[in-house]
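Novice: Residue strings, one per chain:
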Amino acid sequence: MTKRAPYPVPAAREPWPGSPKYWQSLEHRGRIDDPEHSDHWAVNAPEFPKGHTDTPPTEEAWQVSRRGLLGAMAATFAVVGAEGCRRPIEKIVPYTRMPEDVIPGVPSHYATVIQRRGDAVGVVVESHEGRPTKVEGNEVQSGSHGAADLVTQATILDLYDPERSTTPRKGGAAASWGDFEGELHAKLAAYEKDGGARLRLLMQPTISPTVLRMRSALVARFPKARAHTWSAVSDSNAREGARIALGQPYNSLFAYDKARVILSLDSDFLQTETGNVRSTRAFANGRRMRTFRDTMSRLYVVEPSRTITGGCADHRLRLAASDVERYAYCLAAELSKSGVPLGAISASVTRLANAEGIPGKWIATVAKELREAKGHALVVVGARQPASVHALAHAVNEALGAPGASLTYTPCADPDETDNATDIKALTDAIAKGEIDGLLILGGNPVYDAPADLSFGDKLAKVPFSVHASLSFDETGERCTWHVPRAHEYESWGDARALDGHVSVQQPLIAPLYGGRSEIELLALVANAPEKGAHEAVRATVRELAFASRGLTGCAPQGEGKLECHDAAGALVPVRAADLERDWNRGLATGVTVKAQPPASSPAARLAEIAAIIDKRRLPPRVGAGALEVTFAPCPKMVDGRHANNTWLQEMPDPVTKLVWDNAAILSPATAQSLGVASKDVLKISVGDRSITAAAWIVPGQADGSIALTLGWGRRKAGRIGDGRGFDAYPLRTVEALGFAPGAQVTKTGDEPYFFAQTQEHNSTEHRPIAMETTLADYRMRPNFAELDSPPPRALPLWSQVDYSKGHQWGMVIDLNACTGCNACVIACMSENNVPVVGKTEVWRGREMHWLRIDRYFVEDPKLGASADEPLIVNQPLACVHCEEAPCENVCPVNATTHGPEGLNEMAYNRCIGTRYCANNCPYKVRKFNYLNWHNDSVWKETGGLPETMQMQQNPNVTVRFRGVMEKCTYCVQRIQSVKIRNQRENREIKDGEIKTACQQTCPAEAIMFGDVNDEGSRVTRWARADRRFGLLSDLGTRPRTTYLGKVRNPNPEMA
Amino acid sequence: MAYWEPIAELGEAPLVRPGSSMGEVTHDIARVTETRAPRGWWMCFLVAVTFTGIFGLCVCYLFYRGVGVWGNTAPVYWAWDITNFVWWVGIGHAGTLISAILFIFRQRWRTAINRFAEAMTIFAVICALIFPGIHVGRVWLLYYVFPIPNQMTVWPNFKSPLLWDVFAVGTYFTVSLLFWYTGLIPDLATLRDRSTSKVRQTVYGFLALGWRGSNRHWQNYERAYLILAAISTPLVLSVHSVVSMDFATSVIPGWHTTIFPPYFVAGAIFSGFAMVETVLLIARTVFKLHRVVLMRHLELMNKFLLLTSLLVGYAYSMEFFIAWYSGNQYEMAHFLVNRPTGPYWWAWAWMIGCNVVVPQLYWSKRLRTSIPVMFVVSILINIGMWF
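Chains as they are written, first to last, in our numbering: chain A, 1 to 1056; chain B, 1 to 387.
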């Protein structure tokens, strides 16, 4: 008898009937139940990406032209002779006069801020010799907590977009700023005569105090002029709800970490809603499990289409968007019945509470949970739900004791902003009536995204003098008499007030690349404000805010570097100018200039007003077979379309559908079946007399009868990258139906199936135990559940082991419980590591280059009530796990990938000859091969390679890989090295947390931890020993350095 | 009685038809190089040159753009390139096997085919070497795989099976070339002696290394040939074993299989014989070598094909059996379901059909002695072995 333990076969995912099933797509799911294959459930995963077995449609296929082939041959022979000449032939000029504080090769970091919907995200931008290259979160600023979301990460590429507007244009023809100013002043002088009665301003919602101050200055100059606000993606309903419920449009600041039970009513607060970065941090903190003894919050989500918030839910109810309101009333009625004081609302909601089609448990049990968690319960409502639901949520939150505990109200930045839809309607009506001579459109793209029933674009032609200031010469710029380039947020001074009330200053990191001017400068120009430059204007605003925060008024220069200020009581308070200067500089350095005021006592919900609003509501008709519903949501990538020309975002797989370079009309399997529609079918979707065409994509978990469309696609004039990508949903969006449109009809156009590229079936795992998860109850019984299901190998290694106990040993921990699947890390990694973009067809072939990907698995688990139609989701970020026994290292014939002394699996690009053996042998499939010269030979091929501006974005500390070379995650080795070099020079030890990888830095959920695993006290060591730990495919004996922590769900047993 | 004469007691029959003299055989064979090539040869050559030219153009384009011009992609980053390599190396096995092993076992019928087989081996190995050469991402740095002392003091990775390939195939090529050339020396001398033109005399004279056919020459020659045969014999087993380790040493299900070395060797001999037969049948027809290559030789080859087909079939079934017997679902998934029914089921069907099913025809004497049947079958085996 042998004494050797038998070779451990990894735990099967389905050794018993009724155990959870993991699948990556519906096609894959379909094969699981196929009777022919039922014995071999493990195999039905699609093994190859589509590009392996299919050919792309001809127009997309990569075709070789005769000229191209001849050119190639000529070049081949030429290259053979020219090998070795690698010196640049262009003239280069060194600094003749060295700028101060610029050390070549040593990047500087500047704190600034950018506006993301209604919140300010503080960022720290890395700048190499004056060119910003990478955006990171700012730890000091509360809208960021050191993290950033995916769009914020990608804004750096928007800055360098080669197709940005470069010059003022009159009627489309290039003109100069001088021409523009001349004409503007002439017009303004004319408008001034009647107080600007015929002048209008159209802006996007802003949180910048200086912009607001300039706007008031403009209104002061033109008292009869009106400023309108429009953004296709706004919080108007939430503001209106707060105004009804609280008397003022307060911002709600939810402390998800303090809540035990959270109910989201169609709110994607983890991704597309205002304040998503801070929400994600708080939400993850509320569910962080150090040991099995910890507690975690429970999230209920009611939503029509899948979002990452729904993916994080412990219980998710798919309900048409138009039914969410009814659900809210049913729930409020139930709460009120069970003794939660809702006052006058009780009667109103009880009258409207029609629970038809809503599972009883979702009312009774959820109400019970919320009630029992009083003081720790939160109800969050999505931006597209009507104001009445928002108002009701305020009442419910108050009745549940949330304000003060897990909910804070803060005053909003712009109290004058009105409902965006009615505002732009008022503007359009005024244009139609011929009341407007001059229209200044500052930012935004209303011709593309204004409600379709206004036909804003056509009416714009009636305005004799229209000015459009924008980053790109887009659909709106085309239709205006003047277009002027706007400066990017990284090119101009500005400021922003975060949700919690603090103000950060936005610093320019680079002089405007194309001579653009900021909103503040343009407003100052029109308002004829005393401050000519944005810098001066922002300083003045900040000074005012600083004084106001100290309760000072009426400041005037006093001489001797002092200011004469008075407090509220009128007493003289001297303020030294030097102090102001110091505060300003400190604010610039830290990124927070004016601290938030402590919130005043919470305003009380006005129950009678809320009841009155609810009484006035007429519920939309039920969604049924004949009357479908179309929902509109901001795209997690494009938002409202403003990032359409961003290659990183285009190529990033959608967090739920995993589609790249496209959006789709999302249908549920049942709806698709009843309509006879399959994925990729081209549909004509009409609401009333408006219609669009969009290709279908079936996603399990979508509400039946509801079709989800994301906004921001199908741009007509976004640029080479964004034009014509995806399907434009705006033509269906009207003033009355901005969030969702009931009464939609769908017909198939009968066109060829649409060519989609998506990554969800790439890298099949064939059901190996990959993403470990369990329920909280099970976790408490089996704290080591993850390792039990993914046991390390018991066989002895073949050769002697390397001693890794000395020196720094880098390691990573990824917490699947914290990960929301938002994809911010993917963009951060692309930005840091010069990861190329390959284009739609190449992604379809399976050649996407993302070093870090988020694998999304659907989970079907009868125990958790997750059926094939309503599966759960588990996300798994996966990059190189830096195996100690790396299969890739053994097989490289030229030693191009080797193990570093600090445990890194290193790639020597210069040594790599591209045999691709390492990628074959990588069980995690994290190695990416440069099949072509991707930077130049993919999406930018027609323009002769990666545009120069975009080259400016590239990180000089990371090699730009040429074709024929393998690449993969390096644990951001350049960051490790730069910290090591600095610390060696300063002769001190590396502290834990000093080195942060790009993905870790940006993760809003802090799901990624990195550090020295030899350091006993480091965060990564402590977490790597957590009971939930497991090694990915550890039965292979690869000993990965990245440790995963299993996901824990917290389902309510009563909901089962 | 010379050693080459048949031993009637053992039931051996003469290798060539009675009545053929040595001189006739020499004439039959030498004439191929001395007369103008027949039209059939020119047609075949033209087709081959055309395809080689197209191949060359495509390779230029490949070098210009990068490996991305192929459809190959994740998760298996090799496709056409390494398949071709393995296929050609496999084919290259027949030469050594026929020459060396059959020589050592004194299978004298081999003399009818050994020169074909050896030449084919040389060219097959050259073909095989093209593919790892062009499939790499950066061809201009291919020399990194050779252990050349360099200023970077970086050596190749001796743990990598790809490097073993370099050595194994390189050794095999060298030994096969020497073996082929050594065997050719007396024949080159014959050609030299029959030469009528100055050029032929000089070239063959140079290549024949002054062979005069003396006893001493023959003695040295026989000894050298035997030694080379002895060196080659383990190579027959080692080369494809090493090639198989490209796959066997990996951690990928379906590749990570200990049966691969013998299985690859059996497959290699199988495909090599099939290729020799294909070439032989063409040459026999084009150059009218019916007197030299007898039906009996062909039949023997077909019996050999049947045997190796059964070996390969056994290897396949062992793969399936072990996949099932191991209880490892991923192996099962791979061998029992994904390959027969996955997206590449047709490739699997070709493989099984051509390699296991088709050669069973040779159980019938009538079929294994029919030239058209054996031509079609040998081509089918070559196709099947590619998959």
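Hints may contain errors.
[Stated by the list, open to error] Lysine-lysine pairs mimicking DSS-like chemistry, simulated, CA-CA at most 27 Å apart:
| id | chain 1 | residue 1 | chain 2 | residue 2 |
| --- | --- | --- | --- | --- |
| 1 | A | 193 | A | 224 |
| 2 | A | 941 | A | 991 |
| 3 | A | 224 | A | 187 |
| 4 | B | 159 | A | 806 |
| 5 | A | 925 | B | 365 |
| 6 | A | 187 | A | 532 |
[To be verified] Here chain A is said to cover these stretches of chain B; the calculated rule only asks that three of the stretch's residues, wherever they fall, bring their Cβ under 8 Å from a Cβ of chain A:
| id | stretch |
| --- | --- |
| 7 | 57-69 |
| 8 | 74-81 |
| 9 | 140-146 |
| 10 | 157-163 |
| 11 | 291-297 |
Keep in mind that the hints were calculated from the coordinates and are not lab data.
Think of the CB as a built atom: it goes at the ideal place given N, C-alpha and C, for glycine as much as any other residue.
Novice: Would you mind marking each hint as holding or not holding in the structure?
Specialist: Status of each hint after checking the structure:
Taken as a hint, the residue 193 of chain A and residue 224 of chain A pair is honoured in the structure, with Cα atoms around 11 Å apart against an allowance of 27 Å. This hinted pair does not check out: residue 941 of chain A and residue 991 of chain A have alpha carbons roughly 45 Å apart, beyond 27 Å. At most 27 Å may separate the alpha-carbon atoms for a hinted pair to count; residue 224 of chain A and residue 187 of chain A meet this at roughly 15 Å. At most 27 Å may separate the alpha-carbon atoms for a hinted pair to count; residue 159 of chain B and residue 806 of chain A meet this at roughly 25 Å.
In summary, the hint linking residue 925 of chain A to residue 365 of chain B is not supported, as the alpha carbons are separated by about 51 Å, beyond the 27 Å threshold. Only pairs whose Cα atoms come within 27 Å are accepted, and residue 187 of chain A paired with residue 532 of chain A is accepted, the gap being roughly 19 Å. Requiring three or more residues with a Cβ within less than 8 Å of a Cβ of chain A, the coverage given for the stretch 57-69 of chain B holds, as 10 such residues are present. Coverage of the stretch 74-81 of chain B by chain A holds in this model, with 5 residues showing a Cβ closer than 8 Å to a Cβ of that chain against a need of three.
Coverage of the stretch 140-146 of chain B by chain A holds in this model, with 5 residues showing a Cβ closer than 8 Å to a Cβ of that chain against a need of three. Only residues whose C-beta sits within less than 8 Å of a C-beta in chain A count toward coverage, and the stretch 157-163 of chain B has 6 of them, enough to reach three; the restraint holds. Figure legend: the stretch 291-297 of chain B, annotated as covered by chain A; annotation inconsistent (0 residues with Cβ-Cβ distances under 8 Å, at least 3 required).
Violated hints, in rising order: 2, 5, 11; the structure is consistent with all others.
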